[in-house]
Amino acid sequence: MATVTYDQATRYYPGSDTPAVDRLDIQIRDGEFLVLVGPSGCGKSTSLRMLAGLEEVDEGAIRIGDRDVTKLAPRERDIAMVFQSYALYPHMTVAQNMGFALELAKVPKAERLERVRAAAKILDLEPYLGRKPKALSGGQRQRVAMGRAIVRQPQVFLMDEPLSNLDAKLRVSTRSQIAALQKRLNVTTVYVTHDQVEAMTMGDRVAVLKDGLLQQCDTPLNLYQRPANAFVAGFIGSPAMNIREFHLVDGHARIGAVDVALSRAEVAALSRQDARSVLLGFRPESVELVGPGAGFPVTVRLVEELGADAYLYGAIEGTPESGEPDLVARIDPAAPPRVGETVHVRVKAGKEHAFSPKTGLRLT
Amino acid sequence: MAIQVEAPPAAEPRRRPEPRQLTRRERRQRRRPLLPALVFAIVLTQLPFVATLYYSTQRYNLLRPETRKFVGLSNYGRVFTDDLFRNAVLNTVKLTVTVVLLCALFGTALAVLLDKKFLGRSIVRTLLITPFLVMPAAAALVWKTSMLNPVFGIVNWVLSPFGAGQTDWTSRYPMTSIILVLTWQWTPFFMLIILAGLQSQSPEVLEAAKTDGATGGQTFRRVTMPHLRQFIELATVLGTIFILQTFDAIFMITQGGPGQATTNLPYFIYQQAFRAFNAGEAAAAGVITVVATIVFATFALRLVSGLFTTEVL
Ligand SMILES: Nc1ncnc2c1ncn2[C@@H]1O[C@H](COP(=O)(O)OP(=O)(O)OP(=O)(O)O)[C@@H](O)[C@H]1O
Ligand SMILES: [Mg+2]
Numbered sequence: 023m024a025t026v027t028y029d030q031a032t033r034y035y036p037g038s039d040t041p042a043v044d045r046l047d048i049q050i051r052d053g054e055f056l057v058l059v060g061p062s063g064c065g066k067s068t069s070l071r072m073l074a075g076l077e078e079v080d081e082g083a084i085r086i087g088d089r090d091v092t093k094l095a096p097r098e099r100d101i102a103m104v105f106q107s108y109a110l111y112p113h114m115t116v117a118q119n120m121g122f123a124l125e126l127a128k129v130p131k132a133e134r135l136e137r138v139r140a141a142a143k144i145l146d147l148e149p150y151l152g153r154k155p156k157a158l159s160g161g162q163r164q165r166v167a168m169g170r171a172i173v174r175q176p177q178v179f180l181m182d183e184p185l186s187n188l189d190a191k192l193r194v195s196t197r198s199q200i201a202a203l204q205k206r207l208n209v210t211t212v213y214v215t216h217d218q219v220e221a222m223t224m225g226d227r228v229a230v231l232k233d234g235l236l237q238q239c240d241t242p243l244n245l246y247q248r249p250a251n252a253f254v255a256g257f258i259g260s261p262a263m264n265i266r267e268f269h270l271v272d273g274h275a276r277i278g279a280v281d282v283a284l285s286r287a288e289v290a291a292l293s294r295q296d297a298r299s300v301l302l303g304f305r306p307e308s309v310e311l312v313g314p315g316a317g318f319p320v321t322v323r324l325v326e327e328l329g330a331d332a333y334l335y336g337a338i339e340g341t342p343e344s345g346e347p348d349l350v351a352r353i354d355p356a357a358p359p360r361v362g363e364t365v366h367v368r369v370k371a372g373k374e375h376a377f378s379p380k381t382g383l384r385l386t
Numbered sequence: 217m218a219i220q221v222e223a224p225p226a227a228e229p230r231r232r233p234e235p236r237q238l239t240r241r242e243r244r245q246r247r248r249p250l251l252p253a254l255v256f257a258i259v260l261t262q263l264p265f266v267a268t269l270y271y272s273t274q275r276y277n278l279l280r281p282e283t284r285k286f287v288g289l290s291n292y293g294r295v296f297t298d299d300l301f302r303n304a305v306l307n308t309v310k311l312t313v314t315v316v317l318l319c320a321l322f323g324t325a326l327a328v329l330l331d332k333k334f335l336g337r338s339i340v341r342t343l344l345i346t347p348f349l350v351m352p353a354a355a356a357l358v359w360k361t362s363m364l365n366p367v368f369g370i371v372n373w374v375l376s377p378f379g380a381g382q383t384d385w386t387s388r389y390p391m392t393s394i395i396l397v398l399t400w401q402w403t404p405f406f407m408l409i410i411l412a413g414l415q416s417q418s419p420e421v422l423e424a425a426k427t428d429g430a431t432g433g434q435t436f437r438r439v440t441m442p443h444l445r446q447f448i449e450l451a452t453v454l455g456t457i458f459i460l461q462t463f464d465a466i467f468m469i470t471q472g473g474p475g476q477a478t479t480n481l482p483y484f485i486y487q488q489a490f491r492a493f494n495a496g497e498a499a500a501a502g503v504i505t506v507v508a509t510i511v512f513a514t515f516a517l518r519l520v521s522g523l524f525t526t527e528v529l
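For the record, the sequence lines run as chains A and B. In the working numbering, each number is its position in the first sequence, counted from 1, plus 22. In the working numbering, each number is its position in the second sequence, counted from 1, plus 216.
So here's chain B without its partners, still in its complex pose (with noise of 0.2 Å):
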């Protein structure tokens, strides 16, 4: 006896059902239990910005305070004809970049050290990572007093052999003196995430590579940098915003002279503010860099966002 099996009807191509859309009750309930944590941020965070915006549209001297009065965006026009602000721009613009691309390049070269196993790695690591953990203007304070100090400076006592005589540094060389301070305070920001990564990365994947043929160098280069790269990008992003604020070690070494060669934005408000008691054109310069911040982190961000939706494998 033979079995009939009756062909199922011509079924339309079927098609992937649209997603339930949310009522607004749904919505409105799901926001809610956020809301604190909102509100909290918003009196933290956008007050002082809100403040600041406001202070921005106002001719304000802090010596004649009661000469203030509203002047709409006339100090944004007065901040962006400035030369000294456009030189501060420049000035951050090199020192960040500077001290971004050499803090990556010894980051990554200490952190594939420290992945190593060597005798006194621990301690070693705890070493390296110390520079984190001083205090920004302490740091800044022992590298102008007792490092760079043209006459019983280390920096010069260890270069005696090479020639180098009595240099002073800050005056001679004040942007190199500011990258060296900011390069040794934020290497280990970026060798930690770096190392993080490395140390996420499955060892079998490399023992595949050692048996694919490759060698250390290849396996460096074409199996690890492309796992680190979203490690590197993402230190890079965050310590972009950070370097951007640089304050205290300009502050502590070189009061952003001499002149205005190591003045950058964070300090340029400062001198505005506090200096010059010109706290509109103040507010107005921090507007901008702000606005500025949050372009450049906004599309940085969206950059190396790969490293928070795809999981690594």
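Isolated chain A (complex conformation) (with noise of 0.2 Å):
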């Protein structure tokens, strides 16, 4: 068990010139579970792959405790790996998948035998020990990988989107066990994904990333209540964020014809940049239906019902037509209105979110 310290570590794929990791700096605690999250192509595998040994460090450090493992080979480095496709190796049977590394690594048979077989206890593979990889089911893979993974008592766990390949009923069951395991032995894990609902249920941190760049790197409540910057605001919540720019009239963000009122903190960053306008966001939840007179009239696009919850797309009057819903708001199921008709909203008071125009980062 140990830490995990990405020092500025940086990639450069060979022939580009930009970097697919631009300087990562992240601390993981002893034991924690940290999330990797983003968009496809932002540097999520690399990331992994880089602190794997599979990928090159080509500026800066990577270490584990206290060593420094910038240079050592995958076998040095005392991690194990879970594989988006598992990568099992085909001719061999789950026992001997599970005991393969041991076996590498000079263990005596009946302590071999023992571990392997703990390991199957736990994770429910008894049954399948003699079988080789291809007369199993995907679920069963994907555990046979785990327990490649967990008896070897590593030092840190790397997993690269471990679910992805199973279906979408399995893949909540086996989120929770996967976060329950890793409580349970305690491991310093780092997890790859690109859902955020992983993300947020799995992870002690969530670190986003976004075309190589570390946007935010937070529990999943701060991530959620205070995102650093526009993109964190928008890729984390589902559905997403509303995030409209709005014009700046007298310290006030004008929605539509109505004037909404931002926080003086707000305004004093604004004119310090000197910006015209504010990023302003609130999420579907924040938002509440109010009677003629108060808030900003919005126009019912469509009405999604989901049963215990309903949502509704709107645009908001006012503003210039655009193709898309301009608003997102979460709406009592009991009694949703028509579309077309015109309704009146207001955000919750102090749940909007301010972000620079300029650079997209939060105001206050």
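If you're looking for bench data, these hints aren't it; they were derived computationally from the structure. Just so it is clear, the structure is predicted and the values come from calculations on it, not from any experiment. Built from N, CA and C at the ideal position, the CB exists for glycine as well. It is possible that part of the hints are untrue.
Chain B side only, calculated, beta carbon under 10 Å to chain A, not exhaustive [to be verified]:
#1 T283
#2 K285
#3 V421
#4 T509
Restraint ranges, calculated between C-beta atoms of paired labels, are given here [unchecked claim]:
#5 F436/B x R51/A: 35 to 45 Å
#6 R51/A x L343/B: 19 to 29 Å
#7 A262/A x T342/B: 20 to 30 Å
#8 G63/A x T514/B: 30 to 40 Å
#9 I345/B x R51/A: 54 to 64 Å
In silico DMTMM-like links for lysine to aspartate or glutamate, alpha-carbon gap of 25 Å or less [unchecked claim]:
#10 K232/A x E81/A
#11 K380/A x D80/A
#12 K93/A x E449/B
#13 K156/A x E423/B
#14 K93/A x E420/B
#15 K205/A x D233/A
#16 K333/B x E81/A
#17 K128/A x E420/B
#18 K232/A x E374/A
#19 K380/A x D281/A
#20 K93/A x E77/A
#21 K333/B x D226/A
#22 K332/B x E78/A
#23 K154/A x E423/B
#24 K333/B x E267/A
#25 K332/B x E420/B
#26 K370/A x D354/A
#27 K128/A x E449/B
#28 K333/B x E78/A
#29 K191/A x E148/A
#30 K332/B x E98/A
#31 K333/B x E77/A
#32 K370/A x D226/A
#33 K373/A x D233/A
#34 K332/B x E77/A
#35 K156/A x E449/B
#36 K205/A x D226/A
#37 K154/A x E449/B
#38 K232/A x D281/A
#39 K332/B x D80/A
#40 K333/B x D39/A
Join the two chains, each given in its own frame, into one complex according to the hints.
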């Protein structure tokens, strides 16, 4: 068990002038479950593979515990990796797959069998120990891949989208099993996913990447409540946060025909940047319907009813017509408005997020 | 209010239903589209074979066709007791086994080399495949005249710093020379099949082995080799069938000599038919060769049939 430190770690792929991972700086605590999340191609897998030793680190350093592993081969790093395709050894049985690393490490046979059996028991794999991987279902293969990692008792677990080949239902149950298993084994874990729900539910902390740059690394709750910039705000949460640029009029944001007050600190920050507008974000659940006269008017374009919730997609009246709905709001499913109707909505006090229109960074 | 759920009646243990039998009509209909191909194959491959079978029961001297007559199986008897035939069988086995082993060895080594990235890889790959593309007769001629020639051959010139004088390779070491030429010619074939095997291996499996703590050698032995095994087997079976039939190189380089030192089965048959003009015995030897090859190929193909039935994970 150990801490993991990315210290300004950078990776340029050969033949590319822009780094796939740019000065990544994360400190992961002992036993922590860190999730790397971001859109496709943002450098999640690359970051993980740098830690595994499968990808070179061109600048900066990576440390496991106090050991600088930047230049070490994968086998000298004491890490175990779970691959998206599982990468099981096709000609070995489940037991041999799980015991291979121990065999290479010259663990005595009796102990090896014992550890394989223990891991198989945790993962419900005992009936399959004698089978070859191709005789297993996808979910069972996934568990074998997990088993191969946990028998190692390594310093760090690395997982690259281990659930993406499972069906939706199995993914949800396996998700909680992995999180529980990690808590029980208390092994530092770096987990890559592009699914923000997985990220939010599993991680002690979540690191959001975009174009190889770390956007924010924080607990799921902080990420949700205080996103550091407009990208994180839009990426975390489903349906996504409403983020629009509004004109600034006397320290107010003009939404449609209505002026909405901004806090004094926000106004001060905007004027320091000499901005004429503001990026305002509010989550669908931070919007409430009010009677006429209050809030701003919205034309209903679509109502999505999900049973427990309903979502309203609408256009803010008074803004130039844009193709997509301007606003998504969570509403009471008992009395949904009709399409085409005009409703009045208001953002709940203190629930708006203001970002700089120039840098996208959070203002306060 | 409690909900009563009735227990399902104790069912008989379910048994897998018998697979449905096709009716005769269905079976005939399913086969009909294959018929043209079958007829074509029979005409092309089986008619010459039937003709050979027929000749093998005749005493048939090509110089005196009028003396041709039916002699039953006595040609076979003669062939089996013929020392020259036995010598040819022995030479064929020696030649084939040695060449196949060497080809498998060099083929694997070169395939592993070509699987790595390095500057000029595609040029090297093309060069390595060339021997396979050169016409066997032309290649044999080049080997005989410009490589192995005792006076101005390149082999002697290269070896001269090591004290090789004017060795006449083809007469002093005839079998070695033939083995050398055939190995040169067939290694690319083995290499290509094994390279295809290497490149079909999932890179993630290799990475998994790396993170599991395997060194390069351990990864090759424990992970790559089991994957390659079926490819090597396939190359071996096909290679054996081809090398068994070698004729050009022997005809061009040694004429089966000196004496009978390099006479293999195909060359023996040729000698019988066109030197001794004994078409009957030649046909009998040919039939024996074909039967032996079929027996070998059937067993060997069964060995590698795993390649075609199991999907590669
Ligand atoms: N072997 C490679 N050679 C060159 N460029 C690469 C290579 N692998 C990845 N890249 C580039 O590096 C960037 C980051 O790739 P990476 O695989 O880390 O993305 P990712 O975040 O894992 O995406 P995904 O969610 O789709 O798996 C991408 O722009 C990709 O095109
Ligand atoms: Mg990836």
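Is it true that G63/A and T514/B lie within 30 to 40 Å of each other by Cβ?
-> At roughly 52 Å between Cβ atoms, T514/B and G63/A fall outside 30 to 40 Å, so the hint is violated.
Between K156/A and E423/B, does the CA-CA distance stay at or below 25 Å?
-> holds (19 Å)
Should the hint that I345/B and R51/A are 54 to 64 Å apart at their CB atoms be regarded as holding?
-> holds (55 Å)
Would you mind confirming whether the straight-line C-alpha gap from K332/B to E78/A stays at or under 25 Å?
-> holds (17 Å)
Under 10 Å, Cβ to Cβ, is where T509/B needs to be relative to chain A, so tell me if that hint holds or is violated.
-> Not OK, violated: T509/B not within 10 Å of chain A, min 31 Å.
Given the proposed pairing of K128/A with E449/B, does the C-alpha separation stay at or below 25 Å?
-> violated (31 Å)
Decide if the proposed pair is consistent with the structure: K205/A and D226/A, CA atoms, cutoff 25 Å inclusive.
-> holds (10 Å)
For the pair supplied as a hint, K93/A and E420/B, confirm whether the alpha-carbon distance does not exceed 25 Å.
-> holds (21 Å)
Pair hint outcome, K154/A versus E449/B [Cα-Cα no greater than 25 Å] = holds (21 Å)
For the pair supplied as a hint, K232/A and E81/A, confirm whether the alpha-carbon distance does not exceed 25 Å.
-> holds (19 Å)
Are the Cα positions of K154/A and E423/B separated by 25 Å at most?
-> Measuring from Cα to Cα gives roughly 20 Å; hence the hint holds.
Given the hint that K333/B pairs with E81/A, test it: the Cα-Cα distance must not exceed 25 Å.
-> With Cα atoms ~24 Å apart, K333/B and E81/A stay inside 25 Å; holds.
Comparing the model with each earlier hint shows violations of hints 1, 2, 4, 6, 7, 8, 11, 12, 15, 21, 24, 27, 32, 33, 38; every other hint is respected.
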